[in-house]
Amino acid sequence: MIRVAINGYGRIGRSILRALYESGKRQQIQIVAINELAKPEAIRHLTQYDTTHGRFGQTVELQAGKLHIGDDAIALFHQSDATKLPWAELDIDIVFEASGSLIEREACEAHIISGAKQVLISHPSSQDVDATIVYGVNHQLLTADHTVVSNASCTTNCIVPVIDVLDSYFGVISGAITTIHSAMNDQQVIDAYHDDLRRTRAAGQSIIPVDTKLARGIERILPKMKDKFEAISVRVPTINVTAIDLSVTLRERVDISRVNSVLQQAAKGRFDGILGYTDEPLVSCDFNHDPRSSIVDATQTRVSDGHLVKLLLWCDNEWGFANRMLDTSLAMIKAKSTK
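Note that the working numbering numbers the sequence shown so that position 120 is 152, with each residue one more than the last.
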């Protein structure tokens with residue numbers, strides 16, 4: 033049984049906990065502790081009730097300072113200094129670092145100082161982390177010596193499996209990406225101050241361009257894609273689910289049927305459970321609570337002049353990513369056990 037702690041119990045932290053119980057992985061992973069500055073009753077309430085994902089199927093209670101879910105008692109801490117957390121005492125194997133504030137290796141090593149054996153960051157990190165993983169594509173690179181690992185981003189997890197498939201079959205020359213991302217909690221409900229002037233504006237009233245490092249994230253996972261992609265991102269007034277508009281120029285000549293066939297085969301084979309495929313006329317809310325990293329919308333595939341391909345990909349940027357955090361943590365422990 034893997035003993036884990038969650039540091040930062042926001043959208044991703046809570047999704048990880050709920051996904052654990054819904055995914056059937058509870059027999060492999062036990063959440064021992066949560067460190068979150070919010071009050072215990074707010075922690076309990078937002079675990080039980082969620083606007084995006086609905087009511088949790090388990091009863092959540094507070095007893096003696098612990099969060100009780102079924103027979104599980106999860107210790108709650110409210111510590112701003114990660115070096116003071118009792119990870120050694122609790123024998124923590126992996127910390128899910130989901131605070132959004134500790135994203136660099138040096139900062140995350142505070143958990144190692146506190147006695148955790150490994151850290152998995154729910155965010156792209158610096159180059160000096162031991163590995164950046166997109167589960168299903170490069171998790172086999174994990175080794176027993178890796179202590180601080182990044183799970184990349186939800187959009188990297190969405191797009192990289194598709195690029196990997198296209199490159200394997202047809203060869204990728206270059207590409208351009210537009211991420212159409214749901215609003216996030218770094219935006220404003222009504223106009224308010226922010227360092228990014230675009231993010232001073234009300235999230236529910238505009239389509240808002242934001243910076244993205246997605247292109248650099250792709251080449252970190254797929255080094256042969258270095259300098260081949262550029263990306264832009266906009267935030268839209270929905271609370272969950274993201275679409276990615278991917279345009280790629282391929283070496284081989286293709287048509288719509290051939291591209292869709294290859295992606296459908298990958299979804300049924302190597303990327304089963306990670307990559308999805310649909311030819312139904314669906315909209316973004318239909319992918320809410322979908323545990324896969326990416327779903328190809330075959331109805332939107334287009335090919336121009338035999339080489340320029342446009343694809344539409346969907347992902348639940350919370351739930352899919354939370355499920356990959358669980359998968360990557362299991363892969364980390366498996367790699368460590370082979371030492």
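Check the hints yourself; a few may be wrong.
Straight-line distance between alpha carbons at most 27 Å, and here's what the computed DSSO-like set of lysine-lysine pairs gives [stated by the list, open to error]:
1. K149 x K300
2. K300 x K366
3. K256 x K149
4. K71 x K116
5. K342 x K368
6. K256 x K300
Here are the computed distance ranges between Cβ atoms for each label pair [said to hold, decoys possible]:
7. G102 x K71: 20 to 30 Å
8. I239 x S133: 24 to 34 Å
9. H226 x G56: 34 to 44 Å
10. T115 x D287: 49 to 59 Å
11. D113 x Q297: 44 to 54 Å
12. M216 x G86: 16 to 26 Å
13. V294 x N217: 50 to 60 Å
14. D228 x D103: 15 to 25 Å
15. I271 x T331: 22 to 32 Å
16. K98 x I239: 17 to 27 Å
17. Q237 x G86: 20 to 30 Å
Hint data in this document are derived by calculation from the structure and do not stem from the laboratory.
All values reported here derive from a predicted model rather than from experimental measurement.
By construction, the Cβ of each residue, glycine as well, lies at the ideal position given by its N, Cα and C atoms.
| said: Check the hint pairing K256 with K300 against an upper bound of 27 Å on the C-alpha distance. | reply: Given pair K256, K300 holds - Cα atoms ~25 Å apart, limit 27 Å.
| request: Could you grab the alpha-carbon distance between K71 and K116 and see if it respects the 27 Å cut-off? | output: Cα-Cα ~19 Å, so holds.
| 27 Å limit on alpha-carbon distance, applied to hinted pair K256 and K149 | Judged against 27 Å, a Cα distance of about 32 Å means the pair is violated.
| query | Is K149 within 27 Å of K300, Cα to Cα? | reply | Answer violated: K149 to K300 is near 35 Å, above 27 Å.
| task | Using the beta carbons of T115 and D287, state whether their distance is inside 49 to 59 Å or not. | result | holds (57 Å)
| C-beta pair V294, N217: status relative to the range 50 to 60 Å that was hinted | violated (37 Å)
| Should the hint that I239 and S133 are 24 to 34 Å apart at their CB atoms be regarded as holding? | holds (27 Å)
| task | Mind checking the hinted window 16 to 26 Å against the Cβ distance between M216 and G86? | result | holds (20 Å)
| field | Supplied distance hint 17 to 27 Å, evaluated on CB atoms of K98 and I239 | value | About 43 Å separates the Cβ atoms of K98 and I239, which means 17 to 27 Å is violated.
| Holds or violated: 34 to 44 Å for the Cβ distance of H226 and G56? | Holds - the Cβ-Cβ distance for H226 and G56, about 40 Å, lies within 34 to 44 Å.
| query | Is it true that G102 and K71 lie within 20 to 30 Å of each other by Cβ? | reply | For G102 and K71 the Cβ distance comes to about 23 Å; the hint holds.
| task | Using the Cβ atoms, figure out if I271 sits within 22 to 32 Å of T331. | result | For I271 and T331 the Cβ distance comes to about 24 Å; the hint holds.
Against the hints set out earlier in the document, violations occur for numbers 1, 3, 5, 13, 14, 16.
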